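Asks: Chains A and B, in that order, give the protein sequences.
Sequential numbering from 700 applies to the first sequence in the working numbering.
Sequential numbering from 36 applies to the second sequence in the working numbering.
Because the hints were derived from the structure by calculation, they are not lab data.
This structure is a prediction, so every number in the text was calculated from the model and none was measured.
Some hints here could point you the wrong way.
Restricting the straight-line Cα-Cα distance to at most 30 Å, the calculated cross-link-like pairs of lysine-lysine (DSS-like) are [stated by the list, open to error]:
#1 B:K155 <-> A:K804
#2 A:K744 <-> B:K128
#3 B:K97 <-> A:K757
#4 B:K128 <-> A:K746
#5 B:K128 <-> A:K739
#6 A:K871 <-> A:K790
#7 B:K97 <-> A:K802
#8 A:K744 <-> A:K804
#9 A:K853 <-> A:K802
#10 B:K37 <-> A:K853
If you anchor each label on the Cβ, the simulated ranges turn out as follows [as the list claims (entries may be wrong)]:
#11 B:D122 <-> A:G848: 28 to 36 Å
#12 A:E787 <-> B:F140: 56 to 64 Å
#13 B:N88 <-> A:K806: 16 to 24 Å
#14 B:P136 <-> A:V805: 48 to 56 Å
#15 B:L92 <-> A:F715: 41 to 49 Å
#16 A:N849 <-> B:F148: 54 to 62 Å
#17 B:F140 <-> A:K757: 47 to 55 Å
#18 B:N60 <-> A:L821: 36 to 44 Å
Just some of the chain B residues that point at chain A, by a computed CB distance under 7 Å [claimed, not checked]:
#19 I63
#20 L72
#21 I73
#22 K114
#23 Y115
In this text, a Cβ means the ideal position worked out from N, Cα and C, and glycines have one as well.
Now for the letters of each chain:
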Amino acid sequence: MKTKILLTLTAISFLFIFFIFYEGLNRSNIYTPDNVSNEKVPLFKVKVFDTDNEIISKEIFKNDIYYVFNIWASWCIPCRDEHPFLMELKKNKKIEIIGLNYKDKVKNAKNFLYELSNPYSLILSDTDGTIAIEWGAYGVPETFLIYNGNIIKKIIGPLNNNFFKEIEVIVK
Amino acid sequence: MKILNFLVIIIFSFSFNLSIANDKNLNIKITKNLRCLICQGQSVYDSDTEFANSLKLVVANKITEGMSEKEIYQFLKTKYGDWILYDPVLNQKTYILWLLPLLLFLIGGAIIFKNLKIKKN
Chain A
700 MKTKILLTLT
710 AISFLFIFFI
720 FYEGLNRSNI
730 YTPDNVSNEK
740 VPLFKVKVFD
750 TDNEIISKEI
760 FKNDIYYVFN
770 IWASWCIPCR
780 DEHPFLMELK
790 KNKKIEIIGL
800 NYKDKVKNAK
810 NFLYELSNPY
820 SLILSDTDGT
830 IAIEWGAYGV
840 PETFLIYNGN
850 IIKKIIGPLN
860 NNFFKEIEVI
870 VK
Chain B
36 MKILNFLVII
46 IFSFSFNLSI
56 ANDKNLNIKI
66 TKNLRCLICQ
76 GQSVYDSDTE
86 FANSLKLVVA
96 NKITEGMSEK
106 EIYQFLKTKY
116 GDWILYDPVL
126 NQKTYILWLL
136 PLLLFLIGGA
146 IIFKNLKIKK
156 N
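Please take these sequences and the hints and turn them into a complete structure.
Replies: Structure below.
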């Protein structure tokens with residue numbers, strides 16, 4: 700009787716452990732936070748790209764306009780891949796694109812925009828990466844869709860056709 | 036008078052150095068408890084990625100601004116979720132993690148206690 704109980708308990712424990720590991724195998728190891736949408740735009744003070752002027756976030760984002768806030772760098776290869784989508788979004792008159800140049804050299808960033816053209820109506824400079832942290836970003840590229848001071852969509856990684864269409868649908 | 040001035044300067048510089056040292060220790064303590072989200076199994080303190088280096092700077096700035104350890108954790112949790120902390124908080128998703136060891140300890144203790152009682156009898 701005792702051995703039977705022990706065997707059943709061992710079998711249950713093994714099944715429990717197997718189930719947990721099996722579940723773990725199917726889960727992605729790339730972590731993304733759950734509640735990224737409908738957050739407020741963070742408050743920060745930042746330098747405008749290639750100037751000594753500083754600007755506060757409240758002065759940048761106005762109501763009733765959709766803003767695409769894009770974190771980019773000239774050294775980031777996926778930023779080149781997403782650039783055509785930003786150029787397409789620039790054509791939409793309901794959208795304003797703000798860029799945050801992340802840990803980059805001014806000369807390299809300028810060359811990047813000269814080569815691929817500039818989709819941004821305003822570029823901000825984040826030389827030490829602390830502004831990106833205020834946005835809850837991991838690195839580059841990352842894109843946020845903002846409306847009335849709220850982040851309504853966060854895209855980790857480069858923009859692609861699906862994300863582009865999604866943004867167009869939201870903005871319509 | 037000169038001696039008094041000299042003493043004031045020494046005390047002031049000593050307390051200033053002490054506060055810098057305290058801030059540094061707090062920074063190390065906090066960054067050791069933060070998970071580097073883009074590295075595998077490394078804390079922000081141990082990592083040298085762009086993300087970790089920026090996070091170290093943010094933590095240092097927040098300490099200088101006068102934020103407490105708890106407030107800094109809270110700030111980072113709103114940005115990156117609970118996963119950023121190595122020390123998980125007790126909530127709906129983590130209660131098994133916290134209660135299971137205690138439960139196993141109690142069951143084990145009960146078995147040992149029962150066996151000892153049987154042996155004594």
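Asks: Does each hint hold? Answer for all of them.
Replies: How the hints compare with the structure:
With a C-alpha separation of about 78 Å, the suggested pair B:K155 and A:K804 falls outside the 30 Å cut-off, and the hint is violated. Note on A:K744 and B:K128: the hinted pairing is violated, with a Cα-Cα distance of about 36 Å set against a maximum of 30 Å. Between B:K97 and A:K757 the alpha-carbon distance is near 21 Å, which keeps this suggested pair within the 30 Å criterion. Straight-line distance between C-alpha atoms of B:K128 and A:K746 comes to about 40 Å, which puts the hinted pair past the 30 Å bound.
Proposed proximity of B:K128 and A:K739 is supported: the alpha carbons are some 25 Å apart, at most 30 Å. Straight-line distance between C-alpha atoms of A:K871 and A:K790 comes to about 13 Å, which keeps the hinted pair within the 30 Å bound. Straight-line distance between C-alpha atoms of B:K97 and A:K802 comes to about 20 Å, which keeps the hinted pair within the 30 Å bound. Of the pairs offered as hints, the one joining A:K744 and A:K804 holds, with about 20 Å between alpha carbons and a cut-off of 30 Å not exceeded.
About 20 Å separates the Cα atoms of A:K853 and A:K802, which keeps this hinted pair within 30 Å; it holds. Between the alpha carbons of B:K37 and A:K853 the distance comes to roughly 62 Å, so the proposed pair goes past 30 Å and is violated. About 33 Å separates the C-beta atoms of B:D122 and A:G848, a value consistent with the hinted range of 28 to 36 Å. For the pair A:E787 and B:F140, the supplied restraint of 56 to 64 Å holds, since their beta-carbon distance comes to about 60 Å.
Checked against the hint of 16 to 24 Å, the C-beta distance between B:N88 and A:K806 comes to roughly 22 Å, which is consistent with it. With their beta carbons about 54 Å apart, B:P136 and A:V805 fall inside the hinted range of 48 to 56 Å. Take B:L92 and A:F715: their Cβ atoms lie about 43 Å apart, and the range 41 to 49 Å holds. Checking the proposed 54 to 62 Å range against A:N849 and B:F148 shows it holds: the Cβ atoms sit about 57 Å from each other.
Range check, B:F140 to A:K757: about 53 Å between beta-carbon atoms, so the 47 to 55 Å window is met. Here the CB-CB span from B:N60 to A:L821 is close to 40 Å, well matched to the stated 36 to 44 Å. The interface hint given for B:I63 is broken, as the beta carbon of that residue sits about 18 Å from the closest beta carbon of chain A, more than 7 Å. Checking B:L72 against chain A: minimum C-beta separation of about 6 Å stays under 7 Å; hint holds.
For B:I73, the interface hint holds, the least distance from its beta-carbon to any beta-carbon of chain A being 5 Å, beneath 7 Å. Here the hint on B:K114 is kept, as its CB sits about 4 Å from the closest CB of chain A, short of 7 Å. The beta carbon of B:Y115 is positioned within 7 Å of a beta carbon in chain A (closest approach about 6 Å), and the interface hint is therefore held.
Against the hints set out earlier in the document, violations occur for numbers 1, 2, 4, 10 and 19.
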